[in-house]
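So the protein sequences, as listed, match chains S and W.
If you read the first sequence in numbering that gives the first Met the number 0, its first letter stands for residue 0, the second for the next number, and so on.
If you read the second sequence in numbering that gives the first Met the number 0, its first letter stands for residue 0, the second for the next number, and so on.
A hint or two may mislead.
To be verified - Listed next, the in silico EDC-like pairs over lysine to aspartate or glutamate satisfying Cα-Cα at most 16 Å (straight line):
| # | chain 1 | residue 1 | chain 2 | residue 2 |
| --- | --- | --- | --- | --- |
| 1 | S | Lys49 | S | Asp26 |
| 2 | S | Lys182 | S | Glu165 |
| 3 | W | Lys14 | S | Glu158 |
| 4 | W | Lys283 | S | Asp229 |
| 5 | S | Lys243 | W | Asp156 |
| 6 | W | Lys14 | W | Glu45 |
| 7 | S | Lys224 | W | Glu286 |
| 8 | S | Lys213 | W | Asp119 |
| 9 | S | Lys143 | W | Glu186 |
| 10 | S | Lys213 | W | Glu140 |
| 11 | W | Lys187 | W | Glu10 |
| 12 | W | Lys187 | S | Asp229 |
| 13 | W | Lys105 | W | Glu140 |
| 14 | W | Lys181 | S | Asp229 |
| 15 | W | Lys14 | W | Glu40 |
| 16 | W | Lys307 | S | Asp66 |
What the hints assert, rightly or not - One-sided and incomplete, this derived list gives chain W residues near chain S with beta-carbon spacing under 10 Å:
| # | residue |
| --- | --- |
| 17 | Pro232 |
| 18 | Asp235 |
| 19 | Pro240 |
Said to hold, decoys possible - If the Cβ cut is set under 7 Å, some of the chain S residues that face chain W in the computed set are:
| # | residue |
| --- | --- |
| 20 | Val30 |
| 21 | Phe32 |
| 22 | Lys210 |
| 23 | Ala222 |
| 24 | Val223 |
| 25 | Met225 |
| 26 | Val231 |
It is worth saying that the hints were derived from the structure and are not from the lab.
Predicted model only: the values in this text are computed from it and were never measured.
Cβ atoms here follow ideal geometry from the backbone N, Cα and C, with glycine treated the same way.
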Amino acid sequence: MKILVCITHVPDTTSKINFKDNNTKFDPTGVQFIIGPYDDYALARAIEIKEATPGTTVTVLNVGLADTEPTIRKALAIGADDAIRVNADPADSFFVATQIAEHAKTANYDLILMGRESIDYNSGVVHSIVGEMLGIPSVSPVMKLDIEGTKAKLAREIEGGKESLEVNLPFVAGCQEPIAEWKIPNMRGIMSARTKPLKVVEAKAVDSGYKIQKFELPPPKGAVKMIPADNVAQLVTLLKTEAKVL
Amino acid sequence: MAILVFVESAEGKIKATSIEAVAYAYQLGDAVTAIALGDVEKSELEGLGKYGAKKVLHAADAKLNQPVIQAYTNVLIKAMEDEAADILVLANSSLGTPVAAKVAVKTGASLASNVVSLPDKSAGFAVKKSIYTGKAFAWVELTNPKKVIAIRKNAVDIKEVSGNAAVTPYTVQLSDSDFAVKTLSTEKATGEILLPEANIVVSGGRGMKGPEHWSILEDLAKALNAATGCSKPVSDMGWRPHHEHVGQTGVKVAPQLYIAVGISGAIQHLAGVNSSKCIVVINKDPEAPFFKAADYGIVGDAFEIIPKLTEAIKAVK
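Chain S with its partners taken away, still in its complex shape:
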């Protein structure tokens, strides 16, 4: 079986977000970058399938500039066999999905996994766009994925519950917890990752019809108003008359 796992290179979840150049660019000063947490679930599930199914290969793909290579090496250390970096700034969902589809259309993957969304732009649409471009089904957010021959059984989270689905391979899945436990690379993995193939390819030009004009931070929060524990009635009054949310 051939599995493609698409990963993002994103600020750690505890990062404070700042912008520079007149609010037109993300400011990476002091920010630590990680594999997107949802992508990490996708990768972990891919490695589990590889371990359970002899002959399975896992390729990771990232759309990013050279600074994402440590993140890609980490995915190789976790257990992927080889990697592809599409050499471009991941400008928007349509652009990224086009690069993934462009690579996948001739590579015959049985399974294309990624996170349900990237934690920077949160659009949550790349898996759907890739599926549509390749003419194969896409399912997200997937919290359980079991391969049964040429089919897969999936659980997809919906508002207030879940759906159990069945779909033929190949398909695209956007993953989330608890599909697998995150894997931490061990020393052997880290050593072998250094020599695993990482191919750099150039991006295809795309007009996404999508142009980021500027970024904005939310207005600062006012000071918290503390209310004595023995006076909950005051809280109710404030919620009604001051905050007007009751």
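Model the placement of chain W on the given structure of chain S, informed by the hints.
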């Protein structure tokens, strides 16, 4: 400018988030047509007129009673074409977001999800969307003639107008390939208010000490007509189901009022709630970081405060 709005329903009723989508479309332009799929009550469809829909297409094919993403996508593409709609508006959801993406690919539309406000048309057509899990926003210009906009809850104030919408039956030829993803079963909480759609959310954290203590939060939620949520440790420990986990890797909520009980306020949790209009934090630790993100705070024992709060709410309702 013709606008099509996809409205979702559950148990025959239009979802609140979809009513918002109709209101959004009406404030965006004049000719608003809504489309509903599967089994929906007729009065619900006519009632969309109150939010600005002139016409409602109803694709009542029983095969569409299940929300099948590919089939829904193809119905919407056909409806955009038939209605000569340039813009499709819908609510972000486990159904709406993938459908939006697929429709955009097929129609060559510019796509934006997580949109939080009406477009600024002073320079092109720019929408504001939430990014970095609510820690920031981006203004994005949608430059293609066709546009697909998936809005987040509370993106717009709902204004009621007068009049009923004319309901028209709508048929689309469906093919087997539309049902390539088979739904085997659906498990869904019924009769409770769903977290992403709730105006008020009551959430509990590790400070609740165990799943057996959730009833006091449920009583409070009931008095407030609220949904219940929880922090990540609580869902990880299996005290509450995963679909109630609010935060960076769980459900992101944007209610009018978010009440956090016994949650310390890790940055990952805050990321899921920072779009709430008003935040109340109840915690016995005065140093809990959540107080810094709150509008109102009470330091004290949740097991004493919550039942009193529930009584106080009931008294004013």
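Going through the hints against the structure:
{"no.": "1", "hint": "S/Lys49 / S/Asp26", "result": "violated, 37 Å"}
{"no.": "2", "hint": "S/Lys182 / S/Glu165", "result": "violated, 27 Å"}
{"no.": "3", "hint": "W/Lys14 / S/Glu158", "result": "holds, 11 Å"}
{"no.": "4", "hint": "W/Lys283 / S/Asp229", "result": "holds, 13 Å"}
{"no.": "5", "hint": "S/Lys243 / W/Asp156", "result": "holds, 14 Å"}
{"no.": "6", "hint": "W/Lys14 / W/Glu45", "result": "holds, 14 Å"}
{"no.": "7", "hint": "S/Lys224 / W/Glu286", "result": "holds, 14 Å"}
{"no.": "8", "hint": "S/Lys213 / W/Asp119", "result": "holds, 13 Å"}
{"no.": "9", "hint": "S/Lys143 / W/Glu186", "result": "holds, 14 Å"}
{"no.": "10", "hint": "S/Lys213 / W/Glu140", "result": "holds, 10 Å"}
{"no.": "11", "hint": "W/Lys187 / W/Glu10", "result": "holds, 11 Å"}
{"no.": "12", "hint": "W/Lys187 / S/Asp229", "result": "violated, 39 Å"}
{"no.": "13", "hint": "W/Lys105 / W/Glu140", "result": "violated, 20 Å"}
{"no.": "14", "hint": "W/Lys181 / S/Asp229", "result": "violated, 54 Å"}
{"no.": "15", "hint": "W/Lys14 / W/Glu40", "result": "holds, 12 Å"}
{"no.": "16", "hint": "W/Lys307 / S/Asp66", "result": "violated, 54 Å"}
{"no.": "17", "hint": "Pro232", "result": "violated, 13 Å"}
{"no.": "18", "hint": "Asp235", "result": "holds, 9 Å"}
{"no.": "19", "hint": "Pro240", "result": "holds, 8 Å"}
{"no.": "20", "hint": "Val30", "result": "violated, 11 Å"}
{"no.": "21", "hint": "Phe32", "result": "violated, 13 Å"}
{"no.": "22", "hint": "Lys210", "result": "holds, 4 Å"}
{"no.": "23", "hint": "Ala222", "result": "violated, 9 Å"}
{"no.": "24", "hint": "Val223", "result": "holds, 5 Å"}
{"no.": "25", "hint": "Met225", "result": "holds, 5 Å"}
{"no.": "26", "hint": "Val231", "result": "holds, 5 Å"}
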